[in-house]
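Asker: Here's the letter readout for the chains.
2 protein chains.
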Amino acid sequence: MEKLLVFGHKSPDTDSIASSIAMAFLQTKLGKTAVPYRLGNVSKETEFALDYFKVGAPELLEKLDEGSSVILVDHNEPAQSADGVEKSNIKMVVDHHRISGFNTSDPLYYYAEPVGCTSTILYKLFKSHSIDIPSYIAGLMLSAIISDTLLFKSPTCTTEDKVIAENLAKIAGVDIEKYGLALLKAGTDLSGFTAEELVNLDAKQVTLQDKVKAKISQVNTADIDEVMVRKPEIEAALLKEKDSLGLDLVFFLITDIINSNSQVITFGNNELVEKSYSVKVENNTAFLPGVVSRKKQVIPVLTANVD
Amino acid sequence: MEKLLVFGHKSPDTDSIASSIAMAFLQTKLGKTAVPYRLGNVSKETEFALDYFKVGAPELLEKLDEGSSVILVDHNEPAQSADGVEKSNIKMVVDHHRISGFNTSDPLYYYAEPVGCTSTILYKLFKSHSIDIPSYIAGLMLSAIISDTLLFKSPTCTTEDKVIAENLAKIAGVDIEKYGLALLKAGTDLSGFTAEELVNLDAKQVTLQDKVKAKISQVNTADIDEVMVRKPEIEAALLKEKDSLGLDLVFFLITDIINSNSQVITFGNNELVEKSYSVKVENNTAFLPGVVSRKKQVIPVLTANVD
Chain A
1 MEKLLVFGHK SPDTDSIASS IAMAFLQTKL GKTAVPYRLG NVSKETEFAL
51 DYFKVGAPEL LEKLDEGSSV ILVDHNEPAQ SADGVEKSNI KMVVDHHRIS
101 GFNTSDPLYY YAEPVGCTST ILYKLFKSHS IDIPSYIAGL MLSAIISDTL
151 LFKSPTCTTE DKVIAENLAK IAGVDIEKYG LALLKAGTDL SGFTAEELVN
201 LDAKQVTLQD KVKAKISQVN TADIDEVMVR KPEIEAALLK EKDSLGLDLV
251 FFLITDIINS NSQVITFGNN ELVEKSYSVK VENNTAFLPG VVSRKKQVIP
301 VLTANVD
Chain B
1001 MEKLLVFGHK SPDTDSIASS IAMAFLQTKL GKTAVPYRLG NVSKETEFAL
1051 DYFKVGAPEL LEKLDEGSSV ILVDHNEPAQ SADGVEKSNI KMVVDHHRIS
1101 GFNTSDPLYY YAEPVGCTST ILYKLFKSHS IDIPSYIAGL MLSAIISDTL
1151 LFKSPTCTTE DKVIAENLAK IAGVDIEKYG LALLKAGTDL SGFTAEELVN
1201 LDAKQVTLQD KVKAKISQVN TADIDEVMVR KPEIEAALLK EKDSLGLDLV
1251 FFLITDIINS NSQVITFGNN ELVEKSYSVK VENNTAFLPG VVSRKKQVIP
1301 VLTANVD
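Order-wise, the sequence lines are chains A and B. Residues in the first sequence are numbered from 1 upward in steps of one, following the working numbering. Residues in the second sequence are numbered from 1001 upward in steps of one, following the working numbering.
To be clear, the hints were calculated from the coordinates, so they are not data collected in a lab. These figures come from a predicted structure and were not determined experimentally. The beta carbon of each residue, even a glycine, is placed where N, CA and C say it ideally should be. Be aware that a few hints might be false.
[To be verified] Just the calculated beta-carbon pair ranges, DEER-fashion:
#	chain 1	residue 1	chain 2	residue 2	range
1	A	87	B	1089	49 to 57 Å
2	A	159	B	1003	32 to 40 Å
3	A	243	B	1281	47 to 55 Å
4	A	246	B	1194	50 to 58 Å
5	A	106	B	1033	43 to 51 Å
6	B	1239	A	131	33 to 41 Å
7	A	178	B	1159	45 to 53 Å
8	B	1029	A	185	40 to 48 Å
9	B	1239	A	106	25 to 33 Å
10	A	167	B	1029	52 to 60 Å
Next comes chain A alone, as it looks inside the complex:
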């Protein structure tokens, strides 16, 4: 039988890993042969969730053979996907992002909704196929929602994310607040990462308005200063990225998940950053009050301000 490869975006976050595992399980229940993969190392946050629910990490996808049948979760943009995805046979996408640069030659299944997390949409797909969600998968999907919505505090969070998270918490048998804080805290442990790793922990490459080639990275922390002491080495890593990838903008968000603010370190088109947030970039950095969501508060804002 045709094998379906299921994967999320590069620099995978908890949603990309959890949704791959959940989607492969759903497809298997529907009689298909489906295997989850990851496109990079799992984060400490994701590792915490996998350990908690006793699930192994998906295998690393080393190479995508031409003509492979694939399911994309939590992304659609080729730059964020497996190398060679344009020559694969994309059968299905489940996602909660804007659609950009995504082209197919054949019709496909595409389920997208403007909700906080891919796992929220997946939950509804399980329901519509009347497939029960096992406890460990519910735990991973719950982790994905907590992660993407910063425990329901991000502006990307919808009522549906919250209601579905509550249902998943019941199946998984965990207390949302207690488990959620422990999960997010695990993700803020940035010790042991080199600066190169930090700027790639959760990174997305996007082209804004077909003009500005940007890489927008984010780390979560409980203390911005703790990350800012490493500013010189982070700056060097960002400049290296900018050069090697030929980027017009590198934008690194250090997000305080307790107080819901971000400090940005930025190189390249800083006029765009200043115009977008009415701030002054000084020493390659600026404070962005209330900004926590790359999807709702960074990509559309920068996009709208490209000349």
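Chain B: place on chain A using the hints.
Answerer: Then chain B, alone, in the frame of chain A:
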């Protein structure tokens, strides 16, 4: 309240009109303000369905204001959509075609499945929202499925299209075979159309592999010869289109819905046509046995053969 404009593709077929009306009805039931529009004249087939179920045609969309909130049904490619769609706020797409050249700056609802007809997907959206489909809307949705699948004979037709069509026929209170043949026959009445109108009755502009700018048009008939007697004026109309739109290929399918074959009249990149179908184009025309579906048997085949 924000008004949602709902429309299908240019040169609207029965699915584009029926799905616009059905989607606007569904959104209204869900508490939104939604109005269906059309992007061109309705065909005789669509007119037959509208008359049969006593529904008025949607208003013609004259101008799409910048920033309008829109829902696209039965298409996604900007070239097939309303002029200015790139500057609108696309809230939702329901479609059954490949995805191509479609970009948004924000997340949205996107429901696509590789089934024979948009109305088949819409039927499931009604179900998932537990909204009853009134008899006249069921009749239009049924007409769309019959039209898109050529009464279940097209290779695009899936089991789901057939099962849902049967459910819709019950709600609409019509006999599928009898009503279906009458509907398709109404669509083959090509009298009264100028050659210019003929080549635009059901036309789609697509760019194949980002290289070949093509316009692929189709008419249905019960007798290919009856259309071929007008070959000289059709050729003149096609050449005019090719020039004025700067196309690399104009491809006009005359489809025999009784015997499931097509005759094509083609100008431009005829080597691509010859290679794609292993035929010889002579006097700008070739017979394509078994070819009835632009979506399954024309666009992917031409796309795969572009060098």
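Asker: Starting from the hint list further up, note which numbers the structure goes against and sort them upward.
Answerer: Hints 1, 2, 5, 6 and 10 not satisfied by this model.
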